[in-house]
Structure formats: structure tokens, C-alpha cells
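So the sequence lines, in the order shown, correspond to chains A and B.
The end of the first sequence is residue 116 by the numbering used here, with every number in the run present.
The end of the second sequence is residue 115 by the numbering used here, with every number in the run present.
None of these hints come from the bench; they were simulated from the model.
Glycine is no exception: its CB is placed at the ideal position from the N, C-alpha and C atoms.
There could be a bad hint or two in this list.
To be verified - Just so you have them, the derived chain A footprint on chain B, three or more residues with Cβ under 8 Å:
#1 48-56
#2 99-111
Claimed, not checked - Label-pair ranges, simulated between beta-carbon atoms:
#3 B:Lys6 <-> A:Glu41: 18 to 28 Å
#4 A:Gly74 <-> B:Ala68: 40 to 50 Å
#5 A:Arg97 <-> B:Asn26: 27 to 37 Å
#6 A:Glu73 <-> B:Ser99: 21 to 31 Å
#7 B:Ser99 <-> A:Asn8: 26 to 36 Å
#8 A:Asn8 <-> B:Pro10: 32 to 42 Å
#9 B:Ser99 <-> A:Pro62: 36 to 46 Å
#10 A:Lys52 <-> B:Ser99: 15 to 25 Å
#11 B:Leu110 <-> A:Gln81: 28 to 38 Å
#12 A:Ser67 <-> B:Thr104: 20 to 30 Å
#13 A:Pro62 <-> B:His79: 40 to 50 Å
#14 A:Lys72 <-> B:Pro115: 48 to 58 Å
To be verified - In silico lysine to aspartate or glutamate, EDC-like type, Cα no more than 20 Å apart, as pairs:
#15 A:Lys45 <-> A:Glu103
#16 B:Lys72 <-> B:Asp34
#17 B:Lys6 <-> A:Glu42
#18 A:Lys28 <-> B:Glu48
#19 B:Lys6 <-> B:Glu69
#20 B:Lys107 <-> A:Glu42
#21 B:Lys102 <-> A:Glu103
#22 A:Lys72 <-> A:Glu53
#23 A:Lys45 <-> A:Glu58
#24 A:Lys28 <-> A:Glu103
#25 A:Lys45 <-> B:Glu48
#26 B:Lys102 <-> A:Glu42
#27 A:Lys52 <-> A:Glu73
#28 A:Lys45 <-> A:Asp57
#29 B:Lys107 <-> B:Glu14
#30 B:Lys102 <-> A:Glu69
#31 B:Lys102 <-> A:Asp57
#32 B:Lys107 <-> B:Asp85
#33 A:Lys28 <-> A:Glu73
#34 B:Lys102 <-> B:Glu48
#35 A:Lys52 <-> A:Glu103
#36 B:Lys107 <-> B:Glu48
#37 B:Lys6 <-> B:Asp34
#38 A:Lys72 <-> A:Asp87
#39 A:Lys45 <-> A:Glu73
#40 B:Lys107 <-> A:Glu41
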Amino acid sequence: NAGVMQNPRHLVRRRGQEARLRCSPMKGHSHVYWYRQLPEEGLKFMVYLQKENIIDESGMPKERFSAEFPKEGPSILRIQQVVRGDSAAYFCASSRMTSVGETQYFGPGTRLLVL
Amino acid sequence: DAKTTQPNSMESNEEEPVHLPCNHSTISGTDYIHWYRQLPSQGPEYVIHGLTSNVNNRMASLAIAEDRKSSTLILHRATLRDAAVYYCILRASGGSNYKLTFGKGTLLTVNP
Numbered sequence: 002n003a004g005v006m007q008n009p010r011h012l013v014r015r016r017g018q019e020a021r022l023r024c025s026p027m028k029g030h031s032h033v034y035w036y037r038q039l040p041e042e043g044l045k046f047m048v049y050l051q052k053e054n055i056i057d058e059s060g061m062p063k064e065r066f067s068a069e070f071p072k073e074g075p076s077i078l079r080i081q082q083v084v085r086g087d088s089a090a091y092f093c094a095s096s097r098m099t100s101v102g103e104t105q106y107f108g109p110g111t112r113l114l115v116l
Numbered sequence: 004d005a006k007t008t009q010p011n012s013m014e015s016n017e018e019e020p021v022h023l024p025c026n027h028s029t030i031s032g033t034d035y036i037h038w039y040r041q042l043p044s045q046g047p048e049y050v051i052h053g054l055t056s057n058v059n060n061r062m063a064s065l066a067i068a069e070d071r072k073s074s075t076l077i078l079h080r081a082t083l084r085d086a087a088v089y090y091c092i093l094r095a096s097g098g099s100n101y102k103l104t105f106g107k108g109t110l111l112t113v114n115p
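Required output: the full structure, derived from the provided sequences and hints.
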């Protein structure tokens, strides 16, 4: 059973470009979460999605950031017009359910560097 | 969300037990205690969780104080592969408990 997959693992963008981060959850998992880890900081929750629905985007910046989890295919975190402050590691996690005992399985992350 | 307090760093020798403490004095009665760890350049990895009773699994043991205001993650025999940042996280039994709140964690160094 393959784990959570994220690609690309490393992404370099110039200021003003768009970044697209992809996440394929574990098989059988319909709940996806995105977290961001700024340098020297802990992970911060960004958004929680189920298939075709955004459940909670309270941790995601209101502008330039969007997320989707279509019926078919991976979840996408999209950052438009990137700025240097967007440089961070972005982690995706998935779970079967959201109960408190349910484990969130994390992917290896995408490290975004904005020049 | 209830807060957790962990030492910034700890050091251990290979093959020796490691006790990683976590204080959570404002824990509520329905909060679960979860531990995750993050190895260098990787995503977080689930370690163990519990509510009131001590818990054991193949990775570690979790000892929970009787008043639940603190807990200790126990690695019985540290290996070099256990070098990581360890996060103690409280998860409520309801509401938006899917949001894992990661603090700074404890950086564990394992000496050969």
C-alpha cells in the first residue's frame, strides 16, 4: 500500500509565477489536509478537503492560495503570484476518517523556493 | 486549543532508553494525547496516542500521568534512526479535531 505521494519534491519559482503542488492520498483515504512549515517553525494547518469539497480553509491565506480535491486525480494546492515569503515546505496528509483516534499519514512534502 | 510544553532538545546514547516529557496542564477531559515525529527532510510520522491509560505499540510506549497534566513518550532502545523532532499534540474528541497543532517539539539527538 503506497503511502501519501507528493510531487514535485522540490519546486523553484520566481516571484510572480504560479506554483502547483500535487498530493495523492493513500488508497482508501478520502480526507486530505495541507500543512505549511516555514523555516525554523512548526507545521501549520492550511486546509481540509474531502472529495470535491473544501471543508475548512481557515488556515489558508485568503489571497493567491487555493486548493481542490477533484473526484478523479490528486489534490492540488495552487499558489498564484508567488512571493519570497511563500518559500516553505508544504505537506499533505490523508486519513480514512476524521475521528480523534484516526491517524493522519503525511507525505514527504514539497519544498518550494521562491527566488 | 490546549497547549503543550516540551523541552527544546534532548540527547541520548544509542541502545539506551529515552524519556521525552510533555506538559499539558490545561488538557480537557476529552482531549487525546498524540505523538508524531519528523525525521530530517521528511513529513511527520504518527508514533502513538492515548487518553488515560498507558499505551504500548511497536514504536514506543506512552505513559500518562494520573491527573493527565503530563505525559512521557518512551523509546525503549534508541537507535540512530530515532533522531528526529518529536511533537506532543492534543486532539479534542469533537469539533475541528482534524487540525493537528504542531508546536516546536523536542529535537532528539542520538549519539552512537
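Evaluated hints:
1. 48-56: holds (count 3)
2. 99-111: holds (count 10)
3. B:Lys6 <-> A:Glu41: 18 to 28 Å: Since B:Lys6 and A:Glu41 have Cβ atoms about 19 Å apart, the given range 18 to 28 Å holds.
4. A:Gly74 <-> B:Ala68: 40 to 50 Å: At 46 Å between Cβs, range holds.
5. A:Arg97 <-> B:Asn26: 27 to 37 Å: holds (31 Å)
6. A:Glu73 <-> B:Ser99: 21 to 31 Å: holds (27 Å)
7. B:Ser99 <-> A:Asn8: 26 to 36 Å: holds (28 Å)
8. A:Asn8 <-> B:Pro10: 32 to 42 Å: For B:Pro10 against A:Asn8, whose Cβ atoms are near 35 Å apart, the range 32 to 42 Å holds.
9. B:Ser99 <-> A:Pro62: 36 to 46 Å: At 18 Å between Cβs, range violated.
10. A:Lys52 <-> B:Ser99: 15 to 25 Å: Holds - the Cβ-Cβ distance for A:Lys52 and B:Ser99, about 19 Å, lies within 15 to 25 Å.
11. B:Leu110 <-> A:Gln81: 28 to 38 Å: holds (35 Å)
12. A:Ser67 <-> B:Thr104: 20 to 30 Å: Holds, at about 23 Å.
13. A:Pro62 <-> B:His79: 40 to 50 Å: With Cβ atoms ~43 Å apart, the hint holds.
14. A:Lys72 <-> B:Pro115: 48 to 58 Å: holds (50 Å)
15. A:Lys45 <-> A:Glu103: holds (19 Å)
16. B:Lys72 <-> B:Asp34: Given that 20 Å is the threshold and the Cα spacing comes to 11 Å, the pair holds.
17. B:Lys6 <-> A:Glu42: holds (16 Å)
18. A:Lys28 <-> B:Glu48: Satisfied, since the Cα-Cα distance of roughly 17 Å is no more than 20 Å.
19. B:Lys6 <-> B:Glu69: Holds, at roughly 18 Å.
20. B:Lys107 <-> A:Glu42: holds (7 Å)
21. B:Lys102 <-> A:Glu103: Distance ~12 Å between B:Lys102 and A:Glu103 Cα, so the pair holds.
22. A:Lys72 <-> A:Glu53: holds (6 Å)
23. A:Lys45 <-> A:Glu58: The hint holds at about 12 Å.
24. A:Lys28 <-> A:Glu103: holds (15 Å)
25. A:Lys45 <-> B:Glu48: Roughly 15 Å between the alpha carbons, so the hint for A:Lys45 and B:Glu48 holds.
26. B:Lys102 <-> A:Glu42: holds (17 Å)
27. A:Lys52 <-> A:Glu73: holds (9 Å)
28. A:Lys45 <-> A:Asp57: Roughly 13 Å separates the two Cα atoms, so the pair holds.
29. B:Lys107 <-> B:Glu14: holds (16 Å)
30. B:Lys102 <-> A:Glu69: holds (18 Å)
31. B:Lys102 <-> A:Asp57: holds (9 Å)
32. B:Lys107 <-> B:Asp85: holds (17 Å)
33. A:Lys28 <-> A:Glu73: holds (13 Å)
34. B:Lys102 <-> B:Glu48: Holds: B:Lys102 and B:Glu48 sit about 15 Å apart, inside 20 Å.
35. A:Lys52 <-> A:Glu103: holds (18 Å)
36. B:Lys107 <-> B:Glu48: Roughly 15 Å separates the two Cα atoms, so the pair holds.
37. B:Lys6 <-> B:Asp34: Satisfied, since the Cα-Cα distance of roughly 11 Å is no more than 20 Å.
38. A:Lys72 <-> A:Asp87: violated (28 Å)
39. A:Lys45 <-> A:Glu73: Answer violated: A:Lys45 to A:Glu73 is near 27 Å, above 20 Å.
40. B:Lys107 <-> A:Glu41: holds (9 Å)
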